Amino acid sequence: MNSSRGRSVADVALQERALIAPAAGSRAKVLDRLRLGDAAFRQLTRAAAIGVLVLLSAVIISLIRGSIPALKTFGFGFLFSERWNPVTEIFGALPAVYGTVITSFIAMLFAVPIGLMIAFFLTELCPQWLRRPIGIAIELLAGIPSIIYGIWGLFVFAPFLQETLQPFLIDTLGNLPFIGPVFGGPPYGIGMLTAGLILAIMVLPFITSISRDVFEAVPPVLKEAAYGIGCTKWEVTRNVVLPYARVGVIGGIMLALGRALGETMAVTFVIGNAHRISASLLAPGTTISATIANEFTEAVGDLYTSALIALGLILFVITFIVLAIARYLLLRIERRIG
Amino acid sequence: MAGQMAEQFLQSRYRRRQRRNTLATTLALAATALGLGWLVLILGVLLWQGFSGLSLAVFTEMTPPPGSAGGLLNPIVGSLMLTALAIVIGTPIGILAGTYMAEYGRYDVLTTVVRFINDILLSAPSIVVGLFIYEIMVAPMGHFSGFAGGVALAVLVIPVVVRTTEDMLTLVPNALREAATSIGLPRSLAITRICYRAARAGMVTGVLLAVARISGETAPLLFTSLNNQFWSTNLNAPISSLPVVIFQFALSPYKDWQALAWTGALIITMAVLALSITARALVATGKQS
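Chains E and C supply the protein sequences, listed in that same order.
The opening position of the first sequence corresponds to residue 1108 in my numbering, with each subsequent residue numbered one higher.
The opening position of the second sequence corresponds to residue 3 in my numbering, with each subsequent residue numbered one higher.
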């Protein structure tokens, strides 16, 4: 149909077509190229996005593959054995897992209340002009590389604790029944408590900045209503803001916990790298990441290497679960705000 | 009589609430002072210890054997090379993935899944990345190498860049995309010529943050790029890097090595802080325009 109409005006068109034909041809070529480039670019970006998923799967698969020799040799007992002897090639993950959990627990014990109080200060008490500078300063703390915390902990913080806090704890709490052993032994300076406190300083910025963000997202109407019936600032934060922001705060805490569990360098410097489970928090211990950092390059033999990779696998699984919960909670609150 | 008692009761209750509020306020103030105090303390010690060792020799001489003077030239150059390699590998992948998530598949299931996984990778323990690269690169190649270190750092760069790219492209107003389409621009060109330009400040910020993130990373380098006491720019061999040298020197019993470790720590911290502040300033100016 089109062609018949074209023929009917052929006289006019012929001339013009002859003129624009080369241009039309190259135009089609250009359009084709653009279409092709468009599709290619789309597929390229899609491949990169899928690449992120492949990356995660590759990490998991390679860790599992690397840890097979150790898991075959020790089975499930690997998780529950306390022995770690490279000479006789007997390996158990329990001291490292224990150290990882305890140091992170100490870190959260201090960082959560302090972080929440700073968020309270930043949202309710701080004069407006001071909010941004303080917020930025706290976030800069988060940017300092962990090795800096490590070197600072080793040369400044650990000797300080050895001379002040630790003797004090041993003299007071160390003599009490039941909890005495937790604070017993000589003050080494380095040890589980020191590592936990360094971790607390490291994760503090995460808790603070996320709590502040979710505190600020509380609808002003709710707060104004509470102030209107005569609540104090603390009561507003405690009874209105905190319950409303609960999910987000817990998400932030889980995120910080994920960081604390996987943190390597800051801990490696001050943990003491001792493969044993001591009752005392002041005694040296080890964590999963510190064990890997300290021993991997010196590991001789496939079984030793494999045991360390198996430790890495355990660490990855634990942090993956914690971080997944954190992201899920934060996603929920993001949806509510958005 | 009863009224008076009720009055008294209310008064004491009121005072108790006031006291509790004052206590909480004081604690909040103390917590903030503690948080800021710590920043000042760490930076103070770092400046104090690091500056005394800072000299021209640090930037011109090699790492010394114990007991003699030297500098940090080879680890500084090594770190710069590893960082550059990581950025060159990680940035394009990160930007492309972020582009898909913000432009093509904003409401896809794939995007939701990638975003979730990416956020987990963002805070995954970096030492595990080191193990991963050891397994896939160092063990098959049979030796430690700068390439392995660079790739390990690239794995840490990707999630940061993906996140910022997606966030920044999402902020680009749709009117710009519609205008580009209405003049007949194909989508890929609309993205690369229009959206990227609109989101440039934010995307550059992402790369800066990624550099800041990896420039202090030690754990993934320990068993990928290892260390090298001598001058080497061969990426196919073990290469020295600032964080690993700090780790090694700080834990050594030698005083000169420990002093060099402090100086190295100062250099890294200053670089990281400068990068973070620049990134912040970039975002701030981007928002104003």
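Hint data in this document are derived by calculation from the structure and do not stem from the laboratory.
Where hints are given, some of them may not hold.
Derived, one-sided and incomplete: chain C residues facing chain E with beta-carbon distance under 10 Å [as the list claims (entries may be wrong)]:
id, residue
1, Arg19
2, Leu29
3, Gly100
4, Gly107
5, Leu112
6, Asp121
7, Ser125
8, Val174
9, Ala182
10, Ile185
11, Arg189
12, Ile193
13, Ile196
14, Ala214
15, Leu253
16, Ala267
Computed footprint of chain E on chain C, listed as stretches where at least three residues anywhere in the stretch have a Cβ under 8 Å from a Cβ of chain E [as the list claims (entries may be wrong)]:
id, segment
17, 55–62
18, 239–250
Here the structure is a predicted model, which is why all the values come from computation and not from measurement.
Ideal placement from N, C-alpha and C gives every residue a C-beta, glycine not left out.
Holds or violated: is there a CB of chain E closer than 10 Å to the CB of Gly107(C)?
Check passed: Cβ of Gly107(C) comes within 7 Å of chain E, closer than 10 Å.
Against chain E, is Ile196(C) within 10 Å by beta-carbon distance?
Nearest chain E Cβ about 14 Å off; hint violated.
Min Cβ distance, Gly100(C) to chain E: is it shorter than 10 Å?
holds (8 Å)
Interface hint check: Leu29(C), Cβ to nearest Cβ on chain E, cutoff 10 Å. Holds or violated?
Nearest chain E Cβ about 6 Å off; hint holds.
Just to be careful: measuring from the Cβ of Val174(C) to every Cβ in chain E, is the smallest value less than 10 Å?
violated (15 Å)
Answer holds if the nearest beta-carbon of chain E is closer than 10 Å to that of Leu112(C); otherwise answer violated.
holds (6 Å)
Have a go at the Ala182(C) hint: is there a Cβ in chain E nearer than 10 Å to its own Cβ?
violated (13 Å)
Next item in the hint list is Arg189(C). Is there a CB on chain E closer than 10 Å to its CB?
holds (6 Å)
Are Ala267(C) and chain E close enough, Cβ to Cβ, to be under 10 Å, as the hint says?
holds (5 Å)
Against chain E, run the beta carbon of Ile193(C) and see if the smallest gap drops under 10 Å.
holds (7 Å)
When the nearest CB of chain E is found for Ser125(C), is that gap smaller than 10 Å?
holds (5 Å)
8 Å C-beta test of the segment 239–250 of chain C against chain E, three or more residues:
Since 3 is at least three, the answer is holds.
Hints 8, 9, 10, 13, 17, counting from the list given before, are not met by this structure.
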